[in-house]
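There are 2 protein chains.
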Amino acid sequence: MAATDKIFQHGTLGLLVPGLFDGTITAGELLTHGDTGIGTLDGLNGEVIIINGHAYQAREDGQVREIAADETLPFASVHFEKPDISAPIEATNQADFETQVVRDYRLRNVFAAIRIDGTFKTIKTRVAPRQQPPYKTLVQATATQPEFSGEHVQGTIVGYYAPQLFQGATVGGFHLHFLSQDHQLGGHLLGFEIEQAELKIQHFADFQVHLPIDNEAYLQEEFDNETIDHAINKAER
Amino acid sequence: MAATDKIFQHGTLGLLVPGLFDGTITAGELLTHGDTGIGTLDGLNGEVIIINGHAYQAREDGQVREIAADETLPFASVHFEKPDISAPIEATNQADFETQVVRDYRLRNVFAAIRIDGTFKTIKTRVAPRQQPPYKTLVQATATQPEFSGEHVQGTIVGYYAPQLFQGATVGGFHLHFLSQDHQLGGHLLGFEIEQAELKIQHFADFQVHLPIDNEAYLQEEFDNETIDHAINKAER
Chain A
3 MAATDKIFQH GTLGLLVPGL FDGTITAGEL LTHGDTGIGT LDGLNGEVII INGHAYQARE
63 DGQVREIAAD ETLPFASVHF EKPDISAPIE ATNQADFETQ VVRDYRLRNV FAAIRIDGTF
123 KTIKTRVAPR QQPPYKTLVQ ATATQPEFSG EHVQGTIVGY YAPQLFQGAT VGGFHLHFLS
183 QDHQLGGHLL GFEIEQAELK IQHFADFQVH LPIDNEAYLQ EEFDNETIDH AINKAER
Chain B
3 MAATDKIFQH GTLGLLVPGL FDGTITAGEL LTHGDTGIGT LDGLNGEVII INGHAYQARE
63 DGQVREIAAD ETLPFASVHF EKPDISAPIE ATNQADFETQ VVRDYRLRNV FAAIRIDGTF
123 KTIKTRVAPR QQPPYKTLVQ ATATQPEFSG EHVQGTIVGY YAPQLFQGAT VGGFHLHFLS
183 QDHQLGGHLL GFEIEQAELK IQHFADFQVH LPIDNEAYLQ EEFDNETIDH AINKAER
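Going down the list, the protein sequences come from chains A and B.
Using our numbering, read the first sequence as starting at 3 and increasing by one per residue.
Using our numbering, read the second sequence as starting at 3 and increasing by one per residue.
It should be emphasised that the hints constitute simulated quantities derived from the structure, not laboratory data.
Predicted model, so just to flag it, every value in this text is computed and none were measured.
The reader is advised that the hints may include incorrect statements.
Unchecked claim - These stretches of chain A come out as covered by chain B in the derived footprint (C-beta under 8 Å, 3 or more residues):
hint: 1; stretch: 8-20
hint: 2; stretch: 108-121
hint: 3; stretch: 164-174
hint: 4; stretch: 205-213
Claimed, not checked - Using C-beta positions, here's what the derived DEER-type ranges look like:
hint: 5; chain 1: A; residue 1: Glu200; chain 2: B; residue 2: Arg105; range: 49 to 55 Å
hint: 6; chain 1: A; residue 1: Glu224; chain 2: B; residue 2: Asp7; range: 33 to 39 Å
hint: 7; chain 1: A; residue 1: Ala4; chain 2: B; residue 2: Asp226; range: 50 to 56 Å
hint: 8; chain 1: A; residue 1: Ala207; chain 2: B; residue 2: Ala145; range: 30 to 36 Å
hint: 9; chain 1: B; residue 1: Thr139; chain 2: A; residue 2: Glu68; range: 47 to 53 Å
The beta carbon of each residue, even a glycine, is placed where N, CA and C say it ideally should be.
Here chain A stands alone, though its shape is the one from the complex:
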C-alpha cells in the first residue's frame, strides 16, 4: 500500500538550524514512508541518499555505506517513486537545469521529486561533518565541510523541489543529493555538468510533515523564522 501521492518529511530543516541534531526516527521506520529520498543521520553525520528502498550515508571521509534499520535521523524527506515525467536533460550545468526545470514543468508552487540518472562530465559534492553534543548551530557546524568531486561519473541525483513558502519547514527550492553507481562518491550536490542523463519528475499535491513531538529539546526550542531562513540559505545552497 505504497502511497505515491505525497512527500513524507520527518522533522523540519528549521530544527537543524539551532543544532537539534539528535536522531528522532529510525531508518527502518522512515523507509515505511518511502523508497527514495534524502536526509542526514544522528549528529548531522553525513548526507543520506535513499534509492530503490535502500538508505546510504555519504560520510565526511568520502566513504559510502548502507544505513542499518536501527540508525536514527533528525531530518529526512522520502516518497514512493512513481515519476510522471521522464525526459532527457538538455541543460549542461546545475544553474541552467534548475531554471529550465522550474519553467518547463511548472514547479514554482508545487512539490516535486527530482531524479537524474546518467553520466556526469563533472560532479561536485560536500558532506556535513559529524557533530558531538553539545551541538553547534547548523551554520557553525557546516562552516568547513569536505568537498568531493569526480569526472565522467555514472550515478544518480535525487532530491526535491519545494515552493519558497515552505522555506524553513524544508529547503525552499531545490535540495539535491548525489550517489555514484559504484558508491565511491556521494553527498550534497554542489554542481554538475551533464554528459548524458535522464530526468524523472514526480509532482505531488501533498506534503506531510511529521514532527518529533516527544523530543524534549524540540519542544523547548525557541525558533526564530528569520534566523532559520538565513541559515538555510547559507548552509543548504
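For chain A, the structure is supplied; the task is to place chain B on it using the hints.
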C-alpha cells in the same frame, strides 16, 4: 478508517493573500479528511466552522447555514476529533487563554486542535465579506468586515494552534472560529470572556498540506513570503 493523528489542510493561507479565492476542493471531499475544522468558502465567502462532521458557513449578513457537499473552498483545515486533553478553562479572556494553553500543554512547536465548549459571558466575531472576481488582495478584501457579538452565549470555539515556522503555509499561532449552539452567531473569533467552559486539545505529530496543483491561477502566482507574513498578521489576527 478515520486517521486521528494528523491535520489535513487544503491550500495555504498564503494563497489567499494575493486573492486566490476560487474554491478548489468540495466540502464533500474535505469532510472525508476530517469531521472538525475551519476554513472559508469560494470567493472568501464568510467563515467556515466544521463540527461533528457538519460544515457551516457564517455569512457576512450574520446568518449561519449548513454547507452543501458540492460547494467549494479555497482553504480549510480539518482533522478527525480525538482529544488527548480535556480540562476546565481558568482563563477568562482570549489573550490569557492563549498564553496559558501554549505554556500548560507545551504547544510552542506542535500542531494542535483546540475546541472549547461552554458559555461565554461575551463573544465577538468577524466575518469576511464575499468577493467577486477579479479578486482584491486578502488585506484589501478584509479591510472592512462586519463584526458580531453576543452575551451569555452557549457555543463552540474550534480551530488550531500551529508552530510559527508554518506561518504562511497556515496561520502561525492560534486560528479560531466560533459557532453558537443555536446557530445565531458565528465567525472568526476576535475575543471572548468565559463563564464556564471545557477545553479539549488534540496534539498532532503530522501536518499534511494538500495543494491545488491543477489550478492555473495557483500555478502562475508569484508569491512573496514577506508580503504573506505581513498580510496574515494583519488579516487573520
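We went through each hint and held it up to the structure:
{"no.": "1", "hint": "8-20", "result": "holds (count 3)"}
{"no.": "2", "hint": "108-121", "result": "holds (count 5)"}
{"no.": "3", "hint": "164-174", "result": "holds (count 7)"}
{"no.": "4", "hint": "205-213", "result": "holds (count 9)"}
{"no.": "5", "hint": "A:Glu200 / B:Arg105: 49 to 55 Å", "result": "holds (53 Å)"}
{"no.": "6", "hint": "A:Glu224 / B:Asp7: 33 to 39 Å", "result": "violated (26 Å)"}
{"no.": "7", "hint": "A:Ala4 / B:Asp226: 50 to 56 Å", "result": "violated (36 Å)"}
{"no.": "8", "hint": "A:Ala207 / B:Ala145: 30 to 36 Å", "result": "holds (32 Å)"}
{"no.": "9", "hint": "B:Thr139 / A:Glu68: 47 to 53 Å", "result": "holds (51 Å)"}
Against the hints set out earlier in the document, violations occur for numbers 6 and 7.
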